[in-house]
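Engineer: Each chain, written out:
There are 2 protein chains.
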Amino acid sequence: MTAAIVTASILVIGDEILSGRTKDKNIGYIAEYLTALGIDLREVRVVPDIEDEIVAALDALRRRYTYLFTTGGIGPTHDDITADAVAKAFGVPIDHDPRAVALMRERFPNADLNEARMRMARIPQGADLVANPVSKAPGFWIGNVIVMAGVPQIMQAMLDEAAPRLKTGRKMLSASIPAGMREGDIGTPLAEIARAHKDVMIGSYPFSNEGRPDTNLVVRSRDPQALAQAKTAVETMLATLRANGVGPA
Amino acid sequence: MTAAIVTASILVIGDEILSGRTKDKNIGYIAEYLTALGIDLREVRVVPDIEDEIVAALDALRRRYTYLFTTGGIGPTHDDITADAVAKAFGVPIDHDPRAVALMRERFPNADLNEARMRMARIPQGADLVANPVSKAPGFWIGNVIVMAGVPQIMQAMLDEAAPRLKTGRKMLSASIPAGMREGDIGTPLAEIARAHKDVMIGSYPFSNEGRPDTNLVVRSRDPQALAQAKTAVETMLATLRANGVGPA
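Chains B and Z supply the protein sequences, listed in that same order. Using our numbering, read the first sequence as starting at 1 and increasing by one per residue. Using our numbering, read the second sequence as starting at 1 and increasing by one per residue.
The reader is advised that the hints may include incorrect statements.
Straight-line distance between alpha carbons at most 25 Å, and here's what the computed BS3-like set of lysine-lysine pairs gives [said to hold, decoys possible]:
(1) B:Lys25 / B:Lys171
(2) Z:Lys88 / B:Lys198
(3) B:Lys231 / B:Lys198
(4) B:Lys171 / Z:Lys171
(5) B:Lys88 / Z:Lys198
(6) Z:Lys25 / B:Lys23
(7) B:Lys23 / Z:Lys88
(8) Z:Lys171 / B:Lys23
(9) Z:Lys23 / B:Lys25
(10) B:Lys231 / Z:Lys23
(11) Z:Lys88 / Z:Lys171
These aren't lab readings, by the way, just hints derived from the structure by calculation.
Make the full structure from the sequences, and use the hints.
Structural biologist: In structure tokens form, the structure reads like this:
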């Protein structure tokens, strides 16, 4: 029953996210995607377009988790420095990659293949390309780092390209249980259940149900039997509270 | 003209963000809010509900930036462990705080003030409270760390409460220039402008303009004169490209 656990991290690169000008849409997407694949997302960082900051974060995250996915900073302009930072982190040279140049030639006539666009064909030595079915300029995969675009539509297509090659672990299973009562009414008995079911993660998420405070309880485990037992314990607890008159606010 | 630069970081705490079950709405909001105040957001991390991970991230970020804002993990259930992690990071005791208990009593009758709800009155020693006008259970402020709820509506109210006490730096000014052309057509001359205007940050953000690739250029600086000069240089560059027949795709 000891299935390998595959972990991942995300590094979002871009001043525009930190200034608030652009609202990130990639973290949530990748998180959900990896969870569905059976990969545990364990950490996310957002850093500015500063090479030293990117390299430091790359090194911290790639050494700690099975995979590191980056988004942003692989376009044609001077502020796109992700590929250089990745080359620096891995200590490898970076130059125009013939495979990437060939892809760019499929899209752009010679006259349009200026210095700026050719920047997008600069790939660290030893990397595999990650195809970009949207706009050709590829992402890449080096070591355990998968480098993707920041534009959500392109990032999503690149993730689809990379996914079949990812190692995946035993899938995390989950059950969501609508409580129909306030979080504060559940917390004490729920903590007891959490203590009694150490191999299961139990999350409690308050939300507003048409203006009334309500709670979703989420039970997670890789072991279906452990999950079922904890789910039953939670449902029994909720039924007992209801029988004692606890209900919606 | 050497104005103090005030920096900040955000630590998002919660398994539900990393699993993708909940999509974070706080990072973008806080980013925009701090930028408007003249505070530079420099880094964001997202970590799970694991005490050692939270403490390590708290320590890394609070030592590096003027402020650290945390979201999540201060509710009434067993998975809400942010307050304990903050106490541990600062090496101070944590217990029910009479001020926080008094606030809770304003909202809840005695019968409802169970062990779970009383968890929300546990505050690290030496912290100031951050009022919660939405649902009473307060956030807190200790050292340079401001601890807020994860529910966006409550987080936003707490940020409003904390804001008047924040040091702010000289505001970052910015000008957005719609290019009306593809990023790859701009990259080369834009890089020259960036090299010639070192005191200005120039960002290039591609977007789809009713299906046609287009670009927004954003010039940022704390110095209005430097900003104006770089903006003029960008506008002149775009006019020259247009005169040479470069336009929308």
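Engineer: Each hint needs a verdict: does it hold in this structure or not?
Structural biologist: We went through each hint and held it up to the structure:
no.	hint	in the structure
1	B:Lys25 / B:Lys171	holds (24 Å)
2	Z:Lys88 / B:Lys198	holds (23 Å)
3	B:Lys231 / B:Lys198	holds (13 Å)
4	B:Lys171 / Z:Lys171	violated (47 Å)
5	B:Lys88 / Z:Lys198	holds (23 Å)
6	Z:Lys25 / B:Lys23	holds (9 Å)
7	B:Lys23 / Z:Lys88	violated (32 Å)
8	Z:Lys171 / B:Lys23	holds (20 Å)
9	Z:Lys23 / B:Lys25	holds (9 Å)
10	B:Lys231 / Z:Lys23	holds (24 Å)
11	Z:Lys88 / Z:Lys171	violated (34 Å)
This entry does not satisfy hints 4, 7, 11, going by the numbered hints stated previously.
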